[in-house]
Amino acid sequence: MIMAAVPIPRGARLPQIREALAGNLCRCTGYAAIYRAVLAAKRKGAR
Amino acid sequence: VKLASQAALELTETGRAHPGGPAPRIGQGTRTMHAQIVADTLGIPYDRVEVGAGGPRRWFPTAADGGVAHLHDRAARSSSVAPKRLKAKAGPPHAAPSTCGRTAPLVIMKSYQKPAEIIWDETCYQGDAYGAFAWACNVVELEVDPVTFEVRPLRLTAVAEIGKAIHPLLAAGQIEGGSAQGLGWALGEEVVMKEGRMANAQLTNYLIPTTLDTPPLDVVILERPYRHGPFGAKGVGELPIDGPAAAVANALRHAGFDVRSLPATPERLMSARAVG
Chain A
1 MIMAAVPIPR GARLPQIREA LAGNLCRCTG YAAIYRAVLA AKRKGAR
Chain B
1 VKLASQAALE LTETGRAHPG GPAPRIGQGT RTMHAQIVAD TLGIPYDRVE VGAGGPRRWF
61 PTAADGGVAH LHDRAARSSS VAPKRLKAKA GPPHAAPSTC GRTAPLVIMK SYQKPAEIIW
121 DETCYQGDAY GAFAWACNVV ELEVDPVTFE VRPLRLTAVA EIGKAIHPLL AAGQIEGGSA
181 QGLGWALGEE VVMKEGRMAN AQLTNYLIPT TLDTPPLDVV ILERPYRHGP FGAKGVGELP
241 IDGPAAAVAN ALRHAGFDVR SLPATPERLM SARAVG
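These protein sequences, in sequence, are chains A and B. Mapping to this note's numbering: the first sequence position 44 is 44, numbers consecutive. Mapping to this note's numbering: the second sequence position 22 is 22, numbers consecutive.
Hints listed in this document are in silico derivations from the structure and should not be mistaken for laboratory results. Keep in mind that the hints are not guaranteed to be accurate.
So, partial list: chain A residues that the calculated Cβ filter (under 7 Å) puts toward chain B [what the hints assert, rightly or not]:
| # | residue |
| --- | --- |
| 1 | Leu21 |
| 2 | Ala22 |
| 3 | Thr29 |
| 4 | Ala32 |
| 5 | Ala40 |
Glycine included, C-beta positions come from ideal geometry on N, C-alpha and C.
The following block holds chain A by itself, in its conformation from the complex (with noise of 0.2 Å):
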């Protein structure tokens, strides 16, 4: 799930982070936690 996150341009949004995680499944979370967390990761201006 990070690597496939590490790729993701900054500034990426919602539809874009679902498309590009795709290919990773997660039981628990729902991924709703998981989208936050890159969501934050990448959004601009982070480190």
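Fit chain B to the supplied structure of chain A, relying on the hints for placement.
What follows is chain B alone, placed relative to chain A:
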């Protein structure tokens, strides 16, 4: 199951707290929340609390330790070594000391005291198995392809009344995850049994929801404290997985499909009786 769960708390000379109990940790954040409860109650920093460390780790055999004991038992039987000896090696399960010496750790062990208004008959197994119930309501918005009968959930709203969210972020995460699993159960996950075995026990033929199958999940947490729960908490647990499938079935009925069994696959939808 006897309503007599135990919990222990060890306070060390260095000012650390080690809470513990017999329940195994199954990954829902109980470790974090138990530490929060202890830190808040004692008024000490959260990072001074280590759940399951020190004495409590030894006194309460976890589920995994139970398995080890079982293996010991089997090993004893097969190798004709007296089980007693093996057990002695593993250590007695309740070697709880209660030293209040100056430098020794302080140990408190308590059993759950059933509130008087909760009636439970141990022999007939009847009564209030639970002191309180959490409640939930689910709303599902979906669309059905009239040609392929594919169902696409567009949005799920889960409202859960859980007494008190000890850790709101973890509680919301539990609700999101359970909701997604509930949608998977409702729309795609089908266990096919063949001669007593699951015939589709692979992720290639037992499909669980991907990111693209999981719609946005709205979570609303309501809190009506349970007076015997810690800080009013009732718990979340399995609650979030219970409602989504029923909400899907009702949404399909609203869309004109009388689905009577799950998952609501295109095949089932195709043969479902149209709602009159």
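Cross-check of the supplied hints:
1. Leu21: holds, 5 Å
2. Ala22: At 5 Å from the nearest chain B Cβ, alanine 22/A passes the 7 Å test, so the hint holds.
3. Thr29: holds, 5 Å
4. Ala32: Because about 4 Å separates alanine 32/A from the closest Cβ in chain B, which is inside the 7 Å limit, the hint holds.
5. Ala40: At about 13 Å, which exceeds the 7 Å cut-off, the nearest Cβ of chain B leaves the hint on alanine 40/A violated.
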